[in-house]
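Please put together the full structure from these sequences, using the hints given.
For the sequence shown, this note's numbering begins at 1102 and goes up steadily by one.
Check each hint, because a few of them may be wrong.
[Claimed, not checked] Think about it this way: if two alpha-carbon atoms lie no more than 25 Å apart in a straight line, the pair counts; the simulated SDA-like pairs of lysine to any residue are: (1) Lys-1111 <-> Gln-1237; (2) Lys-1110 <-> Glu-1236; (3) Lys-1131 <-> Leu-1228; (4) Lys-1132 <-> Val-1117; (5) Lys-1226 <-> Ile-1113; (6) Lys-1111 <-> Ala-1239; (7) Lys-1131 <-> Gln-1116; (8) Lys-1232 <-> Arg-1247; (9) Lys-1185 <-> Glu-1168; (10) Lys-1110 <-> Glu-1244; (11) Lys-1110 <-> Ser-1235; (12) Lys-1226 <-> Gln-1237; (13) Lys-1238 <-> Ser-1118; (14) Lys-1226 <-> Gln-1216; (15) Lys-1185 <-> Gln-1237; (16) Lys-1111 <-> Arg-1247; (17) Lys-1111 <-> Tyr-1124; (18) Lys-1238 <-> Leu-1227; (19) Lys-1131 <-> Ile-1225.
Since the hints were made in silico from the structure, they are not lab data.
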Amino acid sequence: MNEQFAAAKKAIDEQVSEVLQDYQSRLNQKKGEIESVFNQIQEVQKSTEELRRAQEKLESECSAQEEKVHDEQNEEEGQAIKAKILEMEEQITTRECLTCSRLLVVADVCAQGTQRIEAMEAEIKLLEGNKEESEQKASQLQEEVRGLKRSYEDMCSSSSSAEKRIREEHEKQHSQLRENIEKITGKKGIEGLQRRQEQLLTSMTSFLQQSEANSNEMSVMTQLLSKRFRSSSSKVSATPDQISVEP
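Pasting the structure below:
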């Protein structure tokens, strides 16, 4: 019975260990996804900073070109500069649109990351609750097994004591019978011997019946203990999937 209980406890410990390993693996995966989102945000910030510097440089160049046009009063060169300014403005607009698109993508990724984090936190709470319930069931099973073990030991002790008393009584009667045989002579002695043999047979029959009753009682009790232990073990047993979704 101790081996069966140890096997059941070992199975529970293995299931809890598998659940914790699965949870750690998922947590590491989620952390990697969150780090990827943060890296994307940093890339967008870097692109925005580069765009800002390019815009400042462009504005400086435009200002210098406008001053040159104003000073030289060259219409043809002014038109070329204006065309270049328009081209630069178009490039800035394109970069701004691209940056806005990246920011929208990052915002969407952040929202998804937040939802995943909330789902992970809920799953963690569920796993913690299932772990507590599994430990409670294991403790309850241990108490029940200890109670069954005490009952079984008491029954075995009582049966052993009863069998010992019957054996001592039988040996006592058998010893007395041998003494009577040595003392008995004649017809009366033979009749007394026959009566004593009948008494001995009766005592032996009673002893065998009592032994058989004790044996039957022990067999029934053993079957009951085995049945209750299997029932208790089935209550505690659970797959890792069951533990992560229900307890």
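Now the hints, each set against the structure:
1. Lys-1111 <-> Gln-1237: holds (15 Å)
2. Lys-1110 <-> Glu-1236: holds (10 Å)
3. Lys-1131 <-> Leu-1228: holds (16 Å)
4. Lys-1132 <-> Val-1117: Distance ~22 Å between Lys-1132 and Val-1117 Cα, so the pair holds.
5. Lys-1226 <-> Ile-1113: The given pair, whose Cα atoms are some 19 Å apart, holds under the 25 Å limit.
6. Lys-1111 <-> Ala-1239: Judged against 25 Å, a Cα distance of about 11 Å means the pair holds.
7. Lys-1131 <-> Gln-1116: Measuring from Cα to Cα gives roughly 23 Å; hence the hint holds.
8. Lys-1232 <-> Arg-1247: holds (23 Å)
9. Lys-1185 <-> Glu-1168: OK: Lys-1185 and Glu-1168 at ~15 Å, within 25 Å.
10. Lys-1110 <-> Glu-1244: holds (13 Å)
11. Lys-1110 <-> Ser-1235: The hint holds at about 11 Å.
12. Lys-1226 <-> Gln-1237: Roughly 17 Å between the alpha carbons, so the hint for Lys-1226 and Gln-1237 holds.
13. Lys-1238 <-> Ser-1118: The given pair, whose Cα atoms are some 16 Å apart, holds under the 25 Å limit.
14. Lys-1226 <-> Gln-1216: holds (16 Å)
15. Lys-1185 <-> Gln-1237: Measuring from Cα to Cα gives roughly 77 Å; hence the hint is violated.
16. Lys-1111 <-> Arg-1247: Between Lys-1111 and Arg-1247 the Cα gap is close to 17 Å, so the pair holds against 25 Å.
17. Lys-1111 <-> Tyr-1124: Distance of about 20 Å is within 25 Å: holds.
18. Lys-1238 <-> Leu-1227: Roughly 16 Å between the alpha carbons, so the hint for Lys-1238 and Leu-1227 holds.
19. Lys-1131 <-> Ile-1225: Holds - the C-alpha atoms of Ile-1225 and Lys-1131 are around 13 Å apart, at most 25 Å.
In summary, the structure is inconsistent with hint 15 from the numbered list given earlier, while agreeing with all the others.
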